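Visitor: Listed below are the residues making up each chain.
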Amino acid sequence: MQTYILQIFNGISVSSILVLAALGLAITFGLMKVINMAHGEFIMIGAYVTYLMQNLFVAYLDKSLFGLYFILAIPAAFMVSGLIGFVLEGTVIRHLYNRPLDSILATWGVSLVLQQLARTIFGAPNVDVKSPGWLDGGLVISQGLQLPYKRLFIIALVIACIIGMFVLLYKSKTGRRIRAVMQNREMAESMGINTRRVDAYTFAVGSGLAGIAGCALTLLGSIGSTLGTNYIVDTFMVVVLGGVGTLLGTAAGGLLIGTANTTLEFFTNTSLGKVLVFILIIAFLQWRPKGLFNISSRAIDE
Amino acid sequence: MKNISLTTKKRAAGLISATLIAGLLLTGCSSSQPSKPAETAGSGDKIKVGILHSLSGTMAISEVSVKDAEMMAIEEINASGGVLGKKIEPIVEDGASNWPNFAEKAKKLLQQDKVATVFGGWTSASRKAMLPVFEENNGLLWYPVQYEGMEASPNIFYSGAAPNQQIVPAVEWLFKNKGKKFFLLGSDYVFPRTANKIIKAQLKALGGETVAEEYTPLGHTDYSTIVNKIKASKPDVVFNTLNGDSNVAFFKQLKDAGITSKDLTTLSVSVAEEEVRGIGADNMKGQLVSWNYYQTTDTPENKEFVKKYKAKYGADRVTDDPIEAAYDQVYLWAAAVKKAGTTDVDKVKEAAKGIEFKAPEGLVKIEGENQHLWKPVRIGEVTADGLIKEIWSTDKTVKPDPFLKSYDWAKGLSN
Amino acid sequence: MPNLKAMKAKEKLVFSIIVLVLVLAPLFLTDFRVNLLGKFIAYAILAMGLDLIWGFTGILSLGHGVFFGLGAYSMAMYLKLEAAHGRLPDFMSWSGLEALPWFWKPFTNSAFALLMAILVPTVLAFFVGFLTFKNRIRGVYFSILSQALSIIFVVLFVGQQAYTGGTNGLTNYKTILGFSLSNSSTKLTLYYISIGLLILTYALCNFLVKRRIGRILVAIRDGENRVRFSGYNPTTYKIFVYCLSAALAGLAGAIYVPQVGIISPAEMGIVPSIEMIIWVAIGGRGTLIGAVIGAIFVNGLKSGISESFPDVWSYFIGFTFIVVVLFMPNGVVGLVKKIVGNLVSRRLKSLS
Amino acid sequence: MDSILQNLTVSFDGFKAVNNVNTGIKQGEIRFFIGPNGAGKTTLLDAICGRVKPQSGQVVFSGNVDVTKYSEHEIVNLGIGRKFQVPSVFTNMTVYENMELAVVKDRSIFSAMFHKLKKEQVERIEDILVTIGLYEKRFNTPLALSHGEKQWLEIGMLLAQEPKLMLLDEPVAGMGRSETDKTGELLTKIAQNCTIIVVEHDMEFVRDYASKVTVLHEGAILDEGSVYDVQNNQKVIDVYLGRSGEADA
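Residue numbers (our numbering), protein chains in the order written: chain A, 1 to 302; chain B, 1 to 415; chain C, 1 to 352; chain D, 1 to 249.
Certain hints may be false.
[Said to hold, decoys possible] Only pairs whose alpha carbons sit at most 30 angstroms apart, straight line, appear in this in silico DSS-like list of lysine-lysine:
#	chain 1	residue 1	chain 2	residue 2
1	B	Lys178	B	Lys197
2	A	Lys290	D	Lys69
3	D	Lys53	A	Lys33
4	C	Lys210	C	Lys338
5	B	Lys262	B	Lys234
6	A	Lys130	B	Lys389
7	B	Lys46	C	Lys302
8	C	Lys187	B	Lys349
9	B	Lys200	B	Lys178
10	D	Lys116	C	Lys12
11	B	Lys285	A	Lys63
12	A	Lys33	C	Lys134
13	C	Lys12	D	Lys118
14	B	Lys178	B	Lys396
15	D	Lys26	D	Lys182
16	B	Lys310	B	Lys365
17	B	Lys46	B	Lys353
18	B	Lys396	B	Lys204
19	D	Lys119	C	Lys210
20	C	Lys349	D	Lys137
21	B	Lys389	B	Lys262
22	B	Lys347	C	Lys187
Derived by calculation from the structure, the hints in this document are not laboratory data.
Please read all numbers here as calculations on a predicted model, not as lab measurements.
Using the sequences provided together with the hints, build the complete structure.
Guide: The structure is reproduced here in structure tokens:
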């Protein structure tokens, strides 16, 4: 029994990670129709920022404060990834609007460079991030059934991010601008919105979210230069399945893929589970090419 | 571009083909890069040897430090006058974690650079990819990593453990001390699958039980479901043949699920000191591993070795089994060359039989009939400081038996 | 482009120069280099197919490694069986198979293997293409979908070790049609066969591009709906070109294997698939010659650079790729054309 | 044979862009659909040429075929040609090659590979090129053409398809007077063996060339008849005045 309860929890937990990783992508893709293959590398950057933050604490602060580093690492990861994203947008991405296919290729080049950069700076071997003490252990439901705090924390983090994005997009002035550009770039321009700036900021936010994801991932897995590549494709699937440019869609897509993954993995085996999930995604897209939720548009070449 | 005159059309053609030929020459030129192809490894005042590991891609994590160890050994030998009065000149190539690339670079080292021998490889896949190249060109490969056995190429020396020098003793020990129910977890490639095949046969013979056998793709990152399966099947031991990054995810998530070494024994055969650093000592504290060498191994040679390695590559670096094996194999080759008085492959192979070397792990000897090493076997426990302390070891070195001929339960495993 | 005919003529000229260089290569390159060139030629064949679908038709497939791999595996199965001399291939016995699986049996026949090398990818492409194009999955959606395809096959091939050789892939072949693969004359023959196939492929693609179908493909790239409202059904054309490029990829795989001596699932992955796109992008999409140049040039550079200084390669290819996509969308060929264009206009000015 | 729209209704997520439209267009007629922006004129054309599937109703063509059952390219092959508001021609080909794509009847892959153009097809292309005044520019790419010329090229391509029914969306938008008149004459010439439906804002153009006018308002037919009639229909005037003369926009 409890095995199944735990399995359901696992499903949700895996989904939450996917959603977290995909949020940023969904926004950038939705806004500028740019597919950012380097998104995974922003996750990696977030992870390394966490690593550095930890070392900072170990080096300069008292042991008793160590637990705090993670709290600080989250905004730091957001900032750094966001900043690098901002720069990337200004130098590369902005040349790629309305060239989605090319954007895939150029950003892939970017990801190569970023990975090699990480290898040069931090060396080839993985680095270890010690998770803060207050995240060790878990919530004990019953004998042998324990929900790890780390995963609970990540789920909470994801919900926070989604709410944050929702507020930003639907409750703030900037958000109105962003959505205006999403829906009709030309119109927005003609109404005096500085789309260049909106693009830059949105891309920065998207990258920042990836940074947070990387920060969270340090709790679960290895931290190395290839960290991002393990997630990039799955996140694309989430975005496409969910439907471009909708928070709801991304959440739903993530939940669907995450649970499907864990369930199939549980009843078959990991490899087969993965294969089945991707086949299901392809099949689903045949039925709904635009994903679960999509903004129906009347443009001639949609 | 309207109405281009014919001449300019020709020029365009010229330009394009120029770029192409440039490309071709670049390929061609680098052929004359290290030395004239005509010259053989022995001639001149240098002996060229190849070093072929993944310096980029996923496997770089492990292989870079192996390369370092080999370079260190070469330097030491050169410092003490080299071999046959000649200095050893290493030619380093990048396998880039890509098997065909290993084959290509091996070809290049043998055919282009005419190296005397090659030290290289980590994954079984990379070795399998290089094997035909070495047999075809009658080259010499020294392979420093424990592997699944069932192989003895006349052109390869295996300085890592054969299954009967790591897996088989480990299973025996676990069966005696930890319990009968095994959960087999591995990455989805040839080493874990073959290893588990051996383990299952052995357990059957011992009267143990395999409760489950799970494989995850290389680079798999979420083990919550696997951990759940482990809980459900209540094994005494998890025999872990996961590779690389996956270990990090597995052990972190195992600990989060509230399972520590007290609740459940795991024994890993692909996790050494280097990997422990990436996983985090606190995540693996008390878990078991099986190797032939640990940084803590108590021999005078090892104290010396660790000191030199740290001095050369930094105090934060650790040594481990593959690193040590890589270091040994360079010395073993040098010894064989000295004995043979030449770098000629066949003569060196002949001379290598029975050669001994006081290695950090203890005295090792090349077994002539299958070109593996006699090695001591050690089971160790991960300590809080991320090192491994030996908790059990064979009293003397174990004869390598890649095909497990000496075990009746292994009949029909090797065909 | 106004004087299309002239351009085509010029391309033909360049192509013949390339072929000439390749044919003479063995005279001034070592066996090892020639062997490498043989591999590049296989890539060039694949690149032309990729160019047809991406450069001309505007469909970006990030899963072409699969088709290349399927072709390569078909050939490899034959070579493996020939090496096994009627016994069970080594990896099967490790993985505990007792007998040869049924779908392996026919691959003892070389002709069948070669046929499959082309047929299997084509059929797969037809199946995938039929569904996705019919359902009007386009642009990035198709690209991402093709990535999913590539993942499926990699995981599948890695997972089914007993039948596919797992991560190791298939290696350690001995002979082809009885001739020893280590024999340099065999190698040279294979090399010249590849050149022959390169020429045939070029001829075929050139034929298509020249005919009306070539312009229809370009039209689909520039305005699929417009093509529809001209009474054409883009779907059938897309399926056709997708299958064709898959077939060429399969062929490339088939001639890659005996020369390189190994095929592994990694070759079907996303990274190699994107690298294939790089060749075309750098060479110059939308021109066959660009694809050929790209494939040979980039790979030549790769083995050159990665030999001298390995870790630089990632930076190099990364930056080149960014620059090419951003600033020279028509690749090397496009650049050369531009340069020539400028030369001419300057000449004309000076004349007037 | 005529084309008939039977209670045609098109809706986008609930909003009825075309609402129960009934009308018949006679063979060889030049029918104009006019109306303020958002009246559903373009959507109506979309429904006829298969770009949008109507929610209900039929488009009966050449007697008995209900084209709503077919997909875009099939409808074209039935003999219905469509010209879009923004001139869309293939800029990477010459004018001649553009025409070539349109003139071919057998649009299968096989023919696209192996069939060269028939003599009469070549002649047809040249005739049309002369008619639309682009013969001299036939080896240029459309990039070199003026806005008006692009419009004509597209009309020319339509002609080459030899449609029985031609749908034109604002063919004279952005044209000068002289160009407009030229286009008008072109239409009358075409109308000799082809029915034409035009969506147009330019009332003067409508006045000069319409044989019959249908006024659309909020997706429904407001009035139908000769230009004179509709212009003196109070309802129509109200709608337009209400929209502050958008008609000539």
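Visitor: Holds or violated: Lys200 (chain B) and Lys178 (chain B), Cα atoms, limit 30 angstroms.
Guide: holds (16 angstroms)
Visitor: With the threshold set at 30 angstroms, check whether the alpha-carbon distance from Lys46 (chain B) to Lys302 (chain C) stays at or below it.
Guide: With a Cα-Cα distance of about 28 angstroms, the restraint between Lys46 (chain B) and Lys302 (chain C) holds, given a limit of 30 angstroms.
Visitor: Against the 30 angstroms threshold, does the CA-CA distance of Lys389 (chain B) and Lys262 (chain B) hold or violate the hint?
Guide: Holds, at roughly 17 angstroms.
Visitor: CA of Lys116 (chain D) to CA of Lys12 (chain C), is that 30 angstroms or under?
Guide: holds (22 angstroms)
Visitor: Given the hinted pair Lys347 (chain B) and Lys187 (chain C), is their alpha-carbon gap at most 30 angstroms?
Guide: With a Cα-Cα distance of about 29 angstroms, the restraint between Lys347 (chain B) and Lys187 (chain C) holds, given a limit of 30 angstroms.
Visitor: Holds or violated: Lys33 (chain A) with Lys134 (chain C), Cα cutoff 30 angstroms?
Guide: Judged against 30 angstroms, a Cα distance of about 23 angstroms means the pair holds.
Visitor: Take the C-alpha atoms of Lys53 (chain D) and Lys33 (chain A), compute the straight-line distance between them, and say whether it is at most 30 angstroms.
Guide: holds (27 angstroms)
Visitor: Next pair to validate is Lys210 (chain C) with Lys338 (chain C); report whether the Cα-Cα distance is within 30 angstroms.
Guide: Cα-Cα ~22 angstroms, so holds.
Visitor: Taking 30 angstroms as the top limit, are the C-alpha atoms of Lys349 (chain C) and Lys137 (chain D) close enough?
Guide: Holds - the C-alpha atoms of Lys137 (chain D) and Lys349 (chain C) are around 24 angstroms apart, at most 30 angstroms.
Visitor: Going straight from one Cα to the other, do Lys262 (chain B) and Lys234 (chain B) come out at no more than 30 angstroms?
Guide: Holds, at about 14 angstroms.
Visitor: Is it true that the CA of Lys46 (chain B) sits at most 30 angstroms from the CA of Lys353 (chain B)?
Guide: holds (25 angstroms)
Visitor: For Lys396 (chain B) and Lys204 (chain B), compute the direct alpha-carbon distance and say whether it is at most 30 angstroms.
Guide: Satisfied, since the Cα-Cα distance of roughly 27 angstroms is no more than 30 angstroms.
Hint compliance for this structure: every hint is met.
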